[in-house]
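Please put together the full structure from these sequences, using the hints given.
Here are the chains, one letter per residue:
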Amino acid sequence: MIDIKDLHKSYKVGKNSLHVLKGINFSVEEGELVSIMGSSGSGKSTLLNILGMLDEADEGSYTLDGVPIKNLNEKLAAQYRNKFLGFIFQSFNLINYKSALDNVALPLYYQGVKRSERMERSMAYLEKVGLADWATHKPNELSGGQKQRVAIARALASDPKVLLADELTGALDSKTSYEIMDLIQQINDEGRTILVVTHEEDIAQMTKRIVNLKDGVIIDDKKVTQVRAIENV
Amino acid sequence: MFSLERWQEVFETISKNKLRTFLTGFSIASGIFILVILLGVSVGFQNGVEKQFQNDAENIINIYPGETSISYKGFNKGRRIQLKNEDYALATTDPNQELEFSSPTYQIFAGLISYQNESGSYRVEGVLPDYQFLEKAELIEGRFINANDISSKEKYVVIGNRVKKDLFKDEAPIGKYIKVSGLNFKVIGVFTDPGGDREESRIYVPISTAQIVFGAGTDIRSMGFTLPKVDNFDEALRQSKAYTAGLERKLKTKLQIDAKDESALFISNNIENTKEIYVLISAMRIFFWGVGLATLLAGIIGVSNIMLIIVKERTKEIGIRKALGAKPLSIIGMILHESVFVTAMSGLIGLIFALVLFEVVGPYIESDFIRNPSVDFNIAISTLVVLIAAGAIAGFFPAWRGARIKPIDALRDE
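Heads up: the sequence lines are chains A and B, in that order.
Quick note: the first sequence uses this note's numbering, first residue 1, plus one each step.
Quick note: the second sequence uses this note's numbering, first residue 1, plus one each step.
To be clear, the hints were calculated from the coordinates, so they are not data collected in a lab.
There's no promise every hint is true.
[Said to hold, decoys possible] Lysine-lysine pairs mimicking DSSO-like chemistry, simulated, CA-CA at most 27 Å apart:
{"#": "1", "chain 1": "B", "residue 1": "Lys316", "chain 2": "A", "residue 2": "Lys75"}
{"#": "2", "chain 1": "A", "residue 1": "Lys161", "chain 2": "B", "residue 2": "Lys406"}
{"#": "3", "chain 1": "A", "residue 1": "Lys98", "chain 2": "B", "residue 2": "Lys316"}
{"#": "4", "chain 1": "A", "residue 1": "Lys114", "chain 2": "B", "residue 2": "Lys16"}
{"#": "5", "chain 1": "A", "residue 1": "Lys161", "chain 2": "B", "residue 2": "Lys327"}
{"#": "6", "chain 1": "B", "residue 1": "Lys18", "chain 2": "A", "residue 2": "Lys75"}
{"#": "7", "chain 1": "B", "residue 1": "Lys16", "chain 2": "A", "residue 2": "Lys70"}
{"#": "8", "chain 1": "B", "residue 1": "Lys18", "chain 2": "A", "residue 2": "Lys98"}
{"#": "9", "chain 1": "A", "residue 1": "Lys138", "chain 2": "B", "residue 2": "Lys16"}
[Stated by the list, open to error] Far from chain A by the CB rule (all over 12 Å, computed), these chain B residues:
{"#": "10", "residue": "Phe101"}
{"#": "11", "residue": "Ile140"}
{"#": "12", "residue": "Ile281"}
{"#": "13", "residue": "Asn378"}
{"#": "14", "residue": "Phe397"}
Here the structure is a predicted model, which is why all the values come from computation and not from measurement.
Don't be surprised by glycine CBs; every beta carbon is placed ideally from N, CA and C.
As structure tokens, this is what we get:
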């Protein structure tokens with residue numbers, strides 16, 4: 001599903017160049033649930049940004065579902081993001097003045113899906129994350145866990161190939177975190193490929209594979225026995 | 001680009017940010033209001049000026065006699081010039097220039113006119129049938145003087161509407177007799193004149209009759225002509241000037257006036273005045289448009305500024321939208337659409353306010369130079385076009401900036 005070869009990325013900081021990613025080789029099969037771990041500055045966010053086509057690598061190749069991701073213009077990048085990827089953020093990034101349902105429907109709007117169908121499909125996803133009753137509520141009327149569920153529903157709405165989650169439990173208490181991870185595991189069980197960036201060991205243990213990043217290189221990449229989140233709730 | 005889906009998005013954004021929308025709209029509404037008011041006033045100004053200067057045919061040429069200021073061929077200066085029928089005949093028989101209308105006049109300025117118990121002092125003008133068109137007089141009732149009346153020296157009179165109101169009140173005047181300097185004249189018509197009361201408090205009689213009644217012999221006081229209309233204004237002006245120059249030469253020779261004498265014969269050429277008036281009117285119009293557009297420009301800059309702030313405020317939202325698959329063009333479309341919609345709607349409100357104001361107050365404004373300021377359909381349409389353009393301009397730079405927001409920067413957690 002994801003295939004990365006010899007990926008390099010550096011940033012210019014003043015006159016100096018900061019080499020963040022120093023040759024990453026990495027691939028993800030369909031249906032995997034992978035966590036990318038590393039302390040801050042390890043380059044895990046940069047890697048996620050490149051995977052999410054929010055940023056572009058200096059060197060190396062990136063193939064997503066057989067499509068080479070290279071030299072994208074903004075329009076094409078937007079199109080690919082919409083088609084291939086679903087984003088889940090630490091700070092949820094919901095649009096404040098839109099209801100939960102409208103937030104979920106947004107990716108479908110950009111796909112050009114008609115309003116009635118959009119609402120129907122979004123409602124189904126809200127139901128899936130257990131928030132059907134909260135459809136008309138604005139984000140500021142929801143708890144952190146509920147917000148993240150809306151964000152997950154939104155990420156799923158466009159039926160993407162891969163879900164990219166950046167510290168998705170970072171702003172939540174542990175109980176809520178495990179509930180969210182339970183949801184993520186259920187979605188993965190249905191066969192969806194999911195990448196989770198985290199620095200929390202317990203969260204990483206709930207995935208099926210842990211990739212450890214340090215100073216821009218992968219130091220460790222191993223399959224683990226998945227801890228079911230439901231058991232810890 | 002302007003799909004139903006986009007409209008729903010724009011309505012949602014606008015309705016959820018009412019104060020912001022109101023503030024944005026207010027500056028545009030006031031800008032358009034001022035622009036339309038100015039344009040309306042410029043129309044009023046035009047109406048006023050036209051009214052002042054266009055009581056008579058636009059292309060009328062009038063000739064009045066004066067006193068000589070240069071002694072010539074043994075005549076002393078200070079000689080009073082008297083025009084006669086033969087001078088009129090000479091002036092109107094030019095083989096090279098056909099005339100549209102022409103008439104000499106003989107008038108007394110304060111003739112005593114009475115009907116039964118009512119009486120008043122009015123100007124009595126002896127004229128030819130063509131004079132109706134030189135004066136732009138329009139008949140409300142009856143007919144004007146005709147060629148027959150002239151040749152048989154009928155004691156017929158055509159009275160102005162003011163005279164009719166003064167003397168006849170509600171009575172029908174046609175066929176009645178009024179006394180002019182003690183003689184009975186039969187009323188054959190009533191006229192109205194764009195010159196208003198001043199020109200409607202006159203009465204017209206056949207010039208042949210007037211010359212006999214007032215003992216003038218063959219004297220005339222002035223003569224007026226118009227040349228056939230030409231579409232091209234410059235051509236009309238050129239013809240008119242050539243004709244008056246020739247006429248002046250001919251008359252001065254006949255009346256034995258020095259060619260350089262400026263005060264013996266006055267020739268006024270309305271078409272030259274007309275040109276000046278139109279230049280003045282168009283200059284005023286340009287000025288009003290300029291001031292109005294400058295005001296509007298200030299409004300546009302205001303809106304642009306507010307939209308920029310809005311874009312800044314919505315940076316995160318735009319980043320989210322982009323991460324979810326919004327293309328740069330759709331961001332530009334969204335912001336432009338909002339901007340055009342807000343400017344167009346609020347501009348429309350300003351326009352309507354201005355129109356209502358003119359509708360209510362306009363008819364009461366009637367000073368010498370401003371009459372019935374109003375806004376016609378064309379002005380309304382052009383301001384609407386200006387509005388749409390204004391919205392597009394105001395929204396463009398903010399939209400451009402919005403499109404260039406990088407989702408990675410917008411979404412970075414602070």
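Now for the hints, and whether the structure bears them out:
1. B/Lys316 / A/Lys75: 19 Å, holds
2. A/Lys161 / B/Lys406: 23 Å, holds
3. A/Lys98 / B/Lys316: 14 Å, holds
4. A/Lys114 / B/Lys16: 22 Å, holds
5. A/Lys161 / B/Lys327: 20 Å, holds
6. B/Lys18 / A/Lys75: 32 Å, violated
7. B/Lys16 / A/Lys70: Given that 27 Å is the threshold and the Cα spacing comes to 39 Å, the pair is violated.
8. B/Lys18 / A/Lys98: 15 Å, holds
9. A/Lys138 / B/Lys16: Holds, at roughly 12 Å.
10. Phe101: 71 Å, holds
11. Ile140: Nearest chain A Cβ is 65 Å from B/Ile140, so the label holds.
12. Ile281: 51 Å, holds
13. Asn378: 39 Å, holds
14. Phe397: 18 Å, holds
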